[in-house]
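Asks: Each chain, letter by letter, is given below.
Protein chains: 2
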Amino acid sequence: MKKYDSISYKAVRITDGFWKHRQDINAEVTSRAVYNQFSNSHRFEALDCNWKEGMNYRPHIFWDSDVAKWIEGAAYIIAQTGDTYLEQLCENAIDMIIKNQTEEGYFNSHYLVMDQTERFKIRDNHELYCAGHLIEAACAYYEATGKDRFLKAMCRFADYIYNVFYIYQTASFATSGHQEIELALVRLYDLVGDEKYLTLSRYFLDRRGNNTKDPVSKDAKDASRYLRQDHLPVTMQRTAEGHCVRAMYLYSAMADIAKRYDDEAYLEACQAIYQNVVTKRMYITGGIGSSNLGEAFTTDYFLPNETAYTETCAAIALALFCKRMQQVCADSEFADTIERVLYNGFLSGVSLDGKSFFYSNPLEIDPYFYSVNTSSTTKRYLPIMQRVELFGCSCCPPNVLRFLGSLGELLYTHDEHTLFVHQFMNSEASVRDTSITQTTAYPADGAVTIRIAGDDFKQIAVRIPGWCTGFTTSQPYQLERGYAYFDAAAEIRLVFDMPVQLYEANNAVQNNAGCAAVTRGPIVYCLEGVDNGAHLRSIRISSQASFTPEDAPEYGVPALLCEGLRKKEHDGLYRPYSADREKVPLRFIPYFAFANRGATEMLVWVSVSE
Amino acid sequence: MKKYDSISYKAVRITDGFWKHRQDINAEVTSRAVYNQFSNSHRFEALDCNWKEGMNYRPHIFWDSDVAKWIEGAAYIIAQTGDTYLEQLCENAIDMIIKNQTEEGYFNSHYLVMDQTERFKIRDNHELYCAGHLIEAACAYYEATGKDRFLKAMCRFADYIYNVFYIYQTASFATSGHQEIELALVRLYDLVGDEKYLTLSRYFLDRRGNNTKDPVSKDAKDASRYLRQDHLPVTMQRTAEGHCVRAMYLYSAMADIAKRYDDEAYLEACQAIYQNVVTKRMYITGGIGSSNLGEAFTTDYFLPNETAYTETCAAIALALFCKRMQQVCADSEFADTIERVLYNGFLSGVSLDGKSFFYSNPLEIDPYFYSVNTSSTTKRYLPIMQRVELFGCSCCPPNVLRFLGSLGELLYTHDEHTLFVHQFMNSEASVRDTSITQTTAYPADGAVTIRIAGDDFKQIAVRIPGWCTGFTTSQPYQLERGYAYFDAAAEIRLVFDMPVQLYEANNAVQNNAGCAAVTRGPIVYCLEGVDNGAHLRSIRISSQASFTPEDAPEYGVPALLCEGLRKKEHDGLYRPYSADREKVPLRFIPYFAFANRGATEMLVWVSVSE
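For the protein sequence lines, the chains are A and B, in the order given.
Residue 538 in our numbering sits at position 518 of the first sequence, and the numbers go up by one each step.
Residue 182 in our numbering sits at position 162 of the second sequence, and the numbers go up by one each step.
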């Protein structure tokens, strides 16, 4: 098995441009906004374990994970900006966690104030999920600050879990109900080097779908088996099933284990599952999970746009899985998928001002159907139309925070001889004795200059994006599995042609038949009602339409103007078909920016005439 | 208020052609097939009220309605063919009903063997619904045979209901949970002339949504209020809401009451509700009810094709409502809707051989999505793909039987001076001293000859079908609200041009955007996979496509051939848009005939290029 290391986010500084702007908002606005929302909703207060019946809140079973992800995100920001205010907030939270951690090492702000005898009894109650996020937070905080008390505390927690689940097996279940602990243990192992954390992670994976202790339905058709990826032992799984976030965290851990144990069976499962996702179960935005029921994958090619679930966390989790896959495969498709997620289905999850969030990221909205969806006989699931600052289940906002905070880690991997350049962002990075500088206006423009100072690497492998149909380079290269391999050089320049391209879906995707998605580079575009009027589905564009970029600094990439044909409105329900359409000017904006100007119609897949 | 009488099915004999063929199958095959299924499933046996715990069946709360609709259908056939076998089967059933009817007049094969103290306590348990169907059956059987013992028995039952619900009000609820009794009482009143039946019908209507006795949710948004049309007093209702069959039976009774009481408030409600249905909530097939949840109407313009519920009974019920509306309005749109239902969403409910039935009549089927809809995490509602001989809730098969049996009643209405010709079928009819003969190959051909012998009517008003864009007549006429008014004459000939026409839906119907339905005359066509291969949505037809009729005697109307363009199949999920399509021959068959050649893809709304 080939193996590559990522260059840590700590060693990659994004210096300017599209993502620097988003990271600045993340550091300055999102970090505060999420903190304030969590503070006002008692999530931090709960850590103090002073809750009593009758108080104006109740510590929820997964609040610790919210706080932990916030700390993790804050740690990434602290590492890059030295933000002392965030550090103080983290210290306050860590004080409470450490103070209330039990002697054995256990911490859970729900169980510590509710009924401790219920500890590790109910598999679906997210204790291991919370523990996993606390461990990740502790790792990140140590990396950011060098302060080790939180890390040590979470090592004690991990040791306790090791004893309860692996040595004495006194817990009422064998594996996590919501995965996260598995990948967190690998991260802890990587940081502190204690083999038992890796052993425990693998143990959790190996027992999944393979033990009699977990309350898994015996009925092979029962959805509950799939929701937690219990339908088969993990190395036998070949399709992405069930709750998307759980699934992707599982597959991430599987890729981690594949790498660290050189385990081909794990890798083969990961590769098959990945292929199933990207060739049959993923929206063009990189969103995954087509059903709100179980927040889950459904079946191949079932990708409805209006009722898409496509949770922000699931998009992030897909990128986290791909990040690990590019550590075991030198194939650009993983970075392509990361890019698809980054610029579309992930970024749509946060407002342009960084203060509010989507849980679901649909690909079509018609406010009319929302307006009549309350008092009718049969209400159907429709995602919200506008981002909000807090959810009851508010997993997405801090996930956005930590993912944007650690964005730099997606740019490079390397082995002894080769440096892989996966993503294009203005940045400075260093690895061993080599420094790497990228200068680019990507994704507004396709020109990228990579400067390398140092002679650690014999070759530089630059990803040629999957969407790219033409490019030029400053020097010769060899193309292999999506990467252009250059001999080491002080400077490599590439220019990716970035015309507007229409994309179509497989014929099996019913609802996209006859339609195309407008893209430019990695960006998927959409129409909004606020620009283009009502009934966006009555609009058709030519497959030969010519698009004019319109300067749109608020997006960091241009809006796109073109001419379309629009069906005239008529009263009645049915009438003889009329080919009569009027020419209308259309304005496409990046999908990630939808719903920043009030509730309005939105459409990604637009009708196309030949 | 203008008022018109229908010419009874007894006085209209369909003599040849499309509907004679269907009526023959109905009389010879369907009548037996449904009887045998009901007999084998103990529905007739249950009438004998000998059921004891431990037996291999359990009388269901609505089995009486199944049997009653079968008797009603059989009666129509007996009236037209003198079928002595069916009459004997009816007599046997009637024997049991009369034998077990209580002294007060009550009959219900469920409650008589279960717990009689529970009688009329639970509104949703269909007792009044069953009673209504028994009353209709008794009326029909008396009209067919002149034998009055069943009619008298059901008058006693109606008298009992009158006492329980109107005089003493000892029932636990005030109005029916599932409507039917209301229109049945009007029918009984029309037949026997006893005012109290009309009074009781109106009483049931007037109290609906207007009493404190019925267990109706107080929450204005609670679906249960809508499902039974309890959300408002009936004269204040303006939209079609809730369970479609209940709704349409209610509106039918409201139209009956409007006519018999000259009540403009009732008529106004009926007209508004009708407009809501046909301009916003009806499939092009005449199917109604877009959701399986509650078998219900949902919201304006929400008309998904694949998950359409569109129950056969609901289509029938819409026609029954329209039949009553054409007794109070001289507007052709009601007959247009009846025609739309007849040739499409109703007729699709029964197989060509008359033996099996659809409950739901979707407008799109992709077997692939059925094949993966069982073992996945999230199963969604999909109607069955093939008709079956019996359902657990087997309301549709006997409804088909009675509706086809009494088809003749849809053809004509009249007042003192004018005879209205609504539907076109080879037939002989008589009213007063006038006989009316229609000669036509409709709907295969648009030529209709109407011969009138007798001078009862000053004018003959012939419906010009809503789909008809050109026609010729043998003599002059005046067009008013969709009818061509001719001076009385011995013969009137009309030729309706019947080209293939493409229809489009309102822009607000999302899923039909960019698509057209292929129609010819009243017939909506569809593509089937068995003729046209996989991925029917990847096919596009030109709005100028030229269609060639293909002889198809099995359908009674031609199949339609044309050339289409088909998108080539590709692997993968997304790719750059290709305008490349291959020319393919297409074969459209009548929608009503879909699913008669095995489970296969089906599509009504086809993509159109200009």
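Calculated from the structure, these hints are not laboratory results.
Among these hints, one or two may not hold up.
Because identical chains share one entry, a pair is satisfied inside a single copy or across any pair of copies.
Straight line, CA to CA, 30 angstroms or less: simulated DSBU-like cross-link-like pairs of lysine-lysine [what the hints assert, rightly or not]:
| hint | residue 1 | residue 2 |
| --- | --- | --- |
| 1 | Lys172 | Lys241 |
| 2 | Lys300 | Lys588 |
| 3 | Lys300 | Lys603 |
| 4 | Lys241 | Lys375 |
| 5 | Lys588 | Lys216 |
Asks: Indicate, hint by hint, whether the structure satisfies it.
Replies: Structure-based check of all given hints:
no., hint, result
1, Lys172 - Lys241, "neither (43 angstroms within a copy, 53 angstroms between copies)"
2, Lys300 - Lys588, "between (35 angstroms within a copy, 17 angstroms between copies)"
3, Lys300 - Lys603, "between (35 angstroms within a copy, 27 angstroms between copies)"
4, Lys241 - Lys375, "neither (41 angstroms within a copy, 32 angstroms between copies)"
5, Lys588 - Lys216, "neither (68 angstroms within a copy, 54 angstroms between copies)"
The structure is inconsistent with the numbered hints 1, 4 and 5, although it conforms to all the rest.
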